[in-house]
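**Q** Residue numbers (the working numbering), protein chains in the order written: chain X, 78 to 756; chain Z, 78 to 756; chain P, 78 to 756.
Honestly, the hints are just simulated from the structure, not real lab data.
Among the hints, a few may not be true.
Unchecked claim - These stretches of chain Z come out as covered by chain P in the derived footprint (C-beta under 8 Å, 3 or more residues):
no., segment
1, 304 to 310
2, 588 to 597
3, 608 to 618
Claimed, not checked - Away from chain X, derived, C-beta distances all over 10 Å, residues of chain Z:
no., residue
4, ALA327
5, ARG625
6, VAL641
7, GLY699
8, HIS718
9, SER729
Stated by the list, open to error - List of simulated lysine-lysine pairs, DSS-like, C-alpha gap at most 25 Å:
no., chain 1, residue 1, chain 2, residue 2
10, P, LYS183, Z, LYS266
11, Z, LYS183, X, LYS266
12, X, LYS183, P, LYS301
13, Z, LYS301, P, LYS183
14, X, LYS266, X, LYS301
Note that the coordinates shown come from a computational prediction; the quantities given were computed from them, not determined experimentally.
Note that CB positions come from ideal geometry on N, CA and C, so glycine has one too.
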Amino acid sequence: MTDLISHAADLRGPTSFPPIADGFAFGGDYNPEQWPESVWADDVELMRRAGVTTATVGVFSWGLLERADGVFEWGWLDRVLDLLHENGIGVALATPTAAPPMWLMKAHPEIATVDENGVRTASGGRLAWSPSSAVFRRYALRMVRALAERYADHPALKLWHVSNELGNENAACYSDETEAAWQHWLAEKYSGIELVNEAWGTAFWGHRYGAFDEVQVPRFARTKHNPGLLLDFSRFSSDALLAHFQAERAVLREVTPTIPITTNFMVMGEPGADDYSRWAREVDIVANDHYLRRDDPHPAGDLAFSADRVRGMAGGAPWLLMEHSTGAVNWQGINLAKTPGQLARNSLAHIMRGADGALYFQWRQSSAGAEQYHSGMLPHAGADTRIFREVTEFGALLKRIAPAAGTTVQKARVAILFDDQSAWSLRATRGPSDRLHAVDLPKDFHRAFTARGIAVDVLPSSAPLDGYDVVLAPTLPLADDSVARALADAAERGAHVQVGFHSGVFDQSGRVLTGGYPGRFRELLGVRVTEVLPLLPEQSVATDAGWRGELWTEDLETPDADVVARYSEGVLAGVPVLTRRPVGAGSASYLATRPDEPGMGAIVDGLVALAALQPIAPIEPGLDVTRRIGDTGSFLFAINHDLENPRTVGASGVDLVSGRPADGAFTVAPGGVAVIREG
Amino acid sequence: MTDLISHAADLRGPTSFPPIADGFAFGGDYNPEQWPESVWADDVELMRRAGVTTATVGVFSWGLLERADGVFEWGWLDRVLDLLHENGIGVALATPTAAPPMWLMKAHPEIATVDENGVRTASGGRLAWSPSSAVFRRYALRMVRALAERYADHPALKLWHVSNELGNENAACYSDETEAAWQHWLAEKYSGIELVNEAWGTAFWGHRYGAFDEVQVPRFARTKHNPGLLLDFSRFSSDALLAHFQAERAVLREVTPTIPITTNFMVMGEPGADDYSRWAREVDIVANDHYLRRDDPHPAGDLAFSADRVRGMAGGAPWLLMEHSTGAVNWQGINLAKTPGQLARNSLAHIMRGADGALYFQWRQSSAGAEQYHSGMLPHAGADTRIFREVTEFGALLKRIAPAAGTTVQKARVAILFDDQSAWSLRATRGPSDRLHAVDLPKDFHRAFTARGIAVDVLPSSAPLDGYDVVLAPTLPLADDSVARALADAAERGAHVQVGFHSGVFDQSGRVLTGGYPGRFRELLGVRVTEVLPLLPEQSVATDAGWRGELWTEDLETPDADVVARYSEGVLAGVPVLTRRPVGAGSASYLATRPDEPGMGAIVDGLVALAALQPIAPIEPGLDVTRRIGDTGSFLFAINHDLENPRTVGASGVDLVSGRPADGAFTVAPGGVAVIREG
Amino acid sequence: MTDLISHAADLRGPTSFPPIADGFAFGGDYNPEQWPESVWADDVELMRRAGVTTATVGVFSWGLLERADGVFEWGWLDRVLDLLHENGIGVALATPTAAPPMWLMKAHPEIATVDENGVRTASGGRLAWSPSSAVFRRYALRMVRALAERYADHPALKLWHVSNELGNENAACYSDETEAAWQHWLAEKYSGIELVNEAWGTAFWGHRYGAFDEVQVPRFARTKHNPGLLLDFSRFSSDALLAHFQAERAVLREVTPTIPITTNFMVMGEPGADDYSRWAREVDIVANDHYLRRDDPHPAGDLAFSADRVRGMAGGAPWLLMEHSTGAVNWQGINLAKTPGQLARNSLAHIMRGADGALYFQWRQSSAGAEQYHSGMLPHAGADTRIFREVTEFGALLKRIAPAAGTTVQKARVAILFDDQSAWSLRATRGPSDRLHAVDLPKDFHRAFTARGIAVDVLPSSAPLDGYDVVLAPTLPLADDSVARALADAAERGAHVQVGFHSGVFDQSGRVLTGGYPGRFRELLGVRVTEVLPLLPEQSVATDAGWRGELWTEDLETPDADVVARYSEGVLAGVPVLTRRPVGAGSASYLATRPDEPGMGAIVDGLVALAALQPIAPIEPGLDVTRRIGDTGSFLFAINHDLENPRTVGASGVDLVSGRPADGAFTVAPGGVAVIREG
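With these hints in hand, go ahead and build the complete structure from the sequences.
**A** Quick look at the structure:
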């Protein structure tokens, strides 16, 4: 049982990034098993033409490697690895555990996840397995060991890629076996059942537990489950998945102690099932998958925010973009193609924020299978296509900017705190408004700073705050006391702290801190909220600062704070909406609504002025800029998101992309990119 | 088996209301078990400040009272009751059966409801139990008996509150055990299976039953079930829940014969699972829960209609508002706060229509549990809040108007007939339009009369109609022959009867009465409908009376009626839409559409003129008025729903709220309330 | 097992149509078992008044005929058939297998379908049975044999109507028994499991199968299933249903070798579960059910397209409209009534396109059961109703146009190819856009030709193309090589071929043909598509031809084709959207978007000009015309869909409907119909 539960992190820190490629890693998932072997030579020839350095191999190939229980067939994979190595392409070798073989699903249907209604996942998809299944674990680790032993000494092997997107389709399981693991996890966390009752407040609805084995997983009920239970179940589910990663890692480490190990995160859009800031401490290299969603009103904002988040998890170190797409995906109803130049802009958006490689799913677009309409580096129509041309051009661009590889993104003076667990705590409760999403206000702030050319670090709330002049906790419901202390300390030493509504409202069990919101930060901010008044989608409320609040309003008192702005209409007319309290050498400000775009601009301008922040470089609207610095120099990255107008950035040096010099100012073409080696 | 089925009503009539409090009852659900005992003194101190007279205690506390099978722990509840009693607060003591303990759910998962798809409800919510579970019944009654015996002689005990919102989450169950109870119920209702076949018309689709044990509960099927079966299954489900109430009542009556017994109804919005006009005959005091829904375009209309309905069920006697909210609820996606003054307006809306008490869910807002964001009398932020101030002010107001307690609402001259069963019959069929809801047209009429200051009684269709000058059956599909006769008799003696479309169309089994709609009322009305032509949401049709019809139109012939209005456009141009037939000293009118607001106004003005109806008092727009009369005098209640303008009502006497005199006219402040002791 | 799988078609060809009625068949489903026997005389009297020739009897009456296992009761049905025969009404006698008796559902719940989540269908609906249930098959065939033997020699028996709408509610089943049948079907289709792996590309996600018994039915999974598997599962499901038909047919053929056998198809709107072009080869007479859907923007277009499709399946021979409605249905939420005259227009829409009969569901509107609000020929209100008058008038009309019965629709010069299987292949894949439906573009083309008075045949893609001057494959993803060759041959001999986007993109297993879309037709068309760029609902793109493209755009190259139109804006500005390649004496054209209405008009005008097509007759806008020809003469049918204005068609002869002569031109009243015997 205990090995199904994650424990303290393996203390071995991440290795440095460079092992897997010279310069920036470039390539993608390579699944030659989907094609006749006669195609492989063409693959490798085109990879060389495109500048591919790295191929992710073996994801999902369990059923092709272990043809029947204990019967392994390595020949094809031997040949793939040899071929790649002969052509100078390194391999991120995946343990193929994301999709169990059909014979295993048939022999052991009990390894599959079960949903809230008791429906067991059938074969035919991927990640159908429960991380709490002992049978699955046994089969998976045997496969992993066999693979590791087979290729331990293969020269192509640069990186272990454990399974795939753990938690994507198996975010939670409601089987009896999972229930036993859950009860075990609870018993480890809480020394007695009364502590559970206290933490979750089970007196509500008389849900008192007499023993751990009464605590069921949150299956179908006609009312919302206890928020404390849901929050802990989210933690358990993340830990159960992490434990699977750790178990595979232990095998790999034993067999190949010098090969770095990672697994691909899914930091994009709204938080999912995994507590990635914890997971990041468990991998040798932080790796991420990122896809644009067509209903995202600010896709470039999501790219930038996610990449800054990933770097924050990696402690500022370089990381790896394990998957993104060259064009349309296939799982979004209407799957938008990328426009000309977008591939370079999207891929560089990760590189400029710290990725040391840009890999795609996948090399050759599948003709069959569930993702046959997911784009690839080599489309259905072949190499004579716009997509393959843009892939090749981007491969060449990466070679030109190779000196920037291994550098790190210049530390920002602004930090936004963001946590998966805080997002989970929002989901675990009902009310005041289901329109509130944990990422929205953080991304609003991030976008406003970015538009002004000001660098932002996005950090787990447990990160040290030294050196930051502005620290924001826009939506952090679950902040604990140490976070509150860290914010207060930062303000004391001169930082300007900006807290958003519905932050600091819960204890670590999701119980509301009483006495007025935001409980944890009330003293620091000098405010007291007595009531939440959520707004309807069509509503907004004017303030005397000229901008309008949306989504959420509050009845706010300011026992110990200055009022910066007040509502100027409606039932809250005259009530403060933005406050500031001088704290030590700095200040602490509270924002009680989601401002409209002008409002967010004004608030960020205020913080910029207070902290005397400077942009990375002077920029015209439409430009997104970052700076990476290292032994090889200082590199100013710029993307022009304006597809109509050239835009100018203040910079001196040479643009490695175009070879053109920058003499104090450099103009980036509409939709273009630049990487200026400064000096 | 038989004790799982409800039988004829306990003949003991309701006791009079006063026992539970002096004056108006005021207070709410009190759940001190959710808080450290150190908080209780503060609770009671604040209750006294707020003027609380009544606390509902013990709802959901089974798991805290019976800690393991047969192991009871009374101490905390003893102390709560003692404390309340010492502070002059009476107790509505709940049997805690709404939420079974976790140990019971684990030991006997078979007590839980099963849904149409065979999914059994898991633990973690409330009302997860099936009323047809014999095991549950046995455990529940043992708990009830233990509780009753423990507190039979406690001086705080004023009222038994049986379980909670029976039928809310356990409206229907599809388990095998329920199926057996259902077949038993059918066998009691129908003396042979052929009567079932005949009643439901099972020849359709060849669904003939050969025996009662072939009649399954309406589980998942890919087509709509037989409407007769669905209608009887609704009746069975209500009876199964009522049988549970009766079983608890029998225990309580045996142990404490003098304590009145009730259970909280949910008369609000659209009808639910319980046939409340039948249930009302089973309780000593009718009690209701009422919550506003944010998507209700006429929330004040729902308050007034529901309260008039509850009074109608209570036979005009005072009733008790068992639950409503001081502010936002937490289960509506976006949960709107109440605006300043709304608490008093909403609470008085029940009082003015006959409630002799206004209780809230709940006293102290929970910090944990599924409803942590449901408002309370004492918010998260404590006593120094607008909500607690308004609570306290309303408690004081109730004391000032205490002379009105125990009086009864003056009988109206207008009656609207409305039945749960008719609403069920609509749901049981498919077609002509799923946009037709049983409450809509009744509430349209009710709102129009109310806006004119004219009192309305809302009655079950079986109620006697003596004394009413206008009787409406706006949407009563299931009216039986006795209703048709009662309407005809009323018209004969001079009343004006107004029937709406789709009334009287079914027999008691949900079979359509053929020969032209509305079968049951065709002769009385002198009309014959040959076809229904439902409208799309964006459609409406003009009439020659200047107003427009929405939702529904009909091809209507008038063999024996005068035409009051006709369609003036479209395929029905020239076809009658509103008719009147002189009947005896009165008349019978048919309305074949849902009129727009001007149309409803014109139609109601017509009825007012015909019957020479007088308003309760002359009012300006925005005012809602009622009159309560009793030994203590005559009391004119007024709520000003206009939040911008003061509004004047014709009245003489003294306003007990403000202490100001009324000399023929009295002006109510914007959003304000008044209770004028007349004379 | 093997008898649960359909095999090669019974080689006996369809008998000619006339046996079932003199002139056009007219009538509908007759369910006297729903009514007291005293009503039957009235039924027959009214049938005679209405001109009814044909009654469909016995659908769903299994439970009334076999009252208990093996206990048959024939009396009532004997009397019904005798009564009808005495009154000159022929009978389409249904095998009552669509709804198993309640005693059978109770005794053998395992006969029911199981859904993707494992939920077994309960009793209470219809078509709840799995076609792969051996137990059901045994009971069903015993019933069929008993019925056939009972009425083999009854003089009223004109036609066997097998079951009802096979595949409507039992389109697919996911039970274990079905799984075994599915594996058996696969083993018959594929000689070894490796061929399955190859066909479906199971290397994707490592879904390689080691044996047929590993291939599960596509139950609930959290990702889309393999498209090849889904496509084959659709084929299997159709075959399983067809096998049931074949099994009933075998019994009927054995007992009554001279009675024609059919089953009612559901060719309307989007394709369903049955591969009707294959099924059409298995019936003696093609019969169809057709209902309007209220959200269809072009209901008349659906009528015309579906009727032309049915005739195409029937090889041009007359067919039978087995069900449609006289007014509203009851299963669409809001169920629109038919407007005056619409009954005649809708019914004649089938007759004019080859139906030799128009039957309705049902004769007498039910008072009970799930369809009590579905209209009938005789409404709830009885014979004195607009609907019954229109029924009677249409019955009389059919008698007047009886000379046209038995004629065939004049063969068109335009053919549109359309297949159920191609529609299934679209559903089996995910991406590029879920807004693409297989019927949309074919119906756009069909509507544009029809509006110009030009006849169109809608054909299965396997049909011979001789004699067609324009051949369209608007949306035919699954075209095989023989289709590609047929199109090329047609062009060579002078036809103008028009292919739409996303045609010819898959092989027969649903794998994408690589090298550029549309793989199968690339050479013929001389084009190459490198990328699909789907549009959002609110998007459209201008072309230099003045019209706009919607839904779908493509990056299109024209290695060997002329460009007819190009995009004139957006990222595809300058890219071809409509091309033409001269081929032999004809041409091949490619259309890469869904044109707006002006665009479709221009494209069709272009094809008309190229092929010098002539209208059936000169018409004014609003008219829909066809011509039927036979030994009895030439008949020009015309429907005026313009409800405001009379419209004129060029014609000479006599209108059989009105008796008025046509002297070169004939004017049809607004909303009216005409059948002109030409000459």
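**Q** Is it the case that HIS718(Z) keeps its Cβ farther than 10 Å from each residue Cβ in chain X?
**A** Per Cβ check, HIS718(Z) is outside 10 Å of chain X; nearest 16 Å; holds.
**Q** Please check whether the segment 304 to 310 of chain Z has three or more residues whose CB lies within less than 8 Å of a CB on chain P.
**A** Answer holds; 3 residues pass the 8 Å Cβ test.
**Q** Report holds or violated for chain P covering the segment 588 to 597 of chain Z, Cβ cut-off 8 Å, minimum 3 residues.
**A** Three-residue rule met by the segment 588 to 597 of chain Z, so holds; n is 7.
**Q** Compare the distance between the alpha carbons of LYS183(Z) and LYS266(X) with 25 Å, and conclude whether the hinted pair is satisfied.
**A** Within the cut-off at roughly 22 Å; holds.
**Q** Would GLY699(Z) pass as off the interface with chain X, using Cβ distances and a cut of 10 Å?
**A** holds, 18 Å
**Q** Tell me if the straight-line CA distance from LYS266(X) to LYS301(X) falls inside 25 Å.
**A** Holds, at roughly 23 Å.
**Q** Would the least Cβ to Cβ distance between ALA327(Z) and chain X come out above 10 Å?
**A** At roughly 23 Å from the nearest Cβ of chain X, ALA327(Z) sits farther out than 10 Å, so the non-interface label holds.
**Q** Taking only the CA atoms, is the gap from LYS301(Z) to LYS183(P) under or equal to 25 Å?
**A** holds, 19 Å
**Q** Is the hinted pair LYS183(P) and LYS266(Z) satisfied, with a Cα-Cα distance of at most 25 Å?
**A** holds, 22 Å
**Q** With a C-beta cutoff of 8 Å, work out whether three or more residues of the segment 608 to 618 of chain Z approach chain P closely enough for the coverage to hold.
**A** Per the Cβ count (6), the hint holds.
**Q** Can we trust that SER729(Z) is non-interface, i.e. its beta-carbon lies farther than 10 Å from all of chain X?
**A** Since the minimum Cβ distance to chain X is about 34 Å, SER729(Z) lies beyond 10 Å and the statement holds.
**Q** When you check the alpha-carbon spacing of LYS183(X) and LYS301(P), does it fall within 25 Å?
**A** Holds. LYS183(X) to LYS301(P) sits at ~19 Å (cutoff 25 Å).
No hint from the list above goes unmet by this structure.
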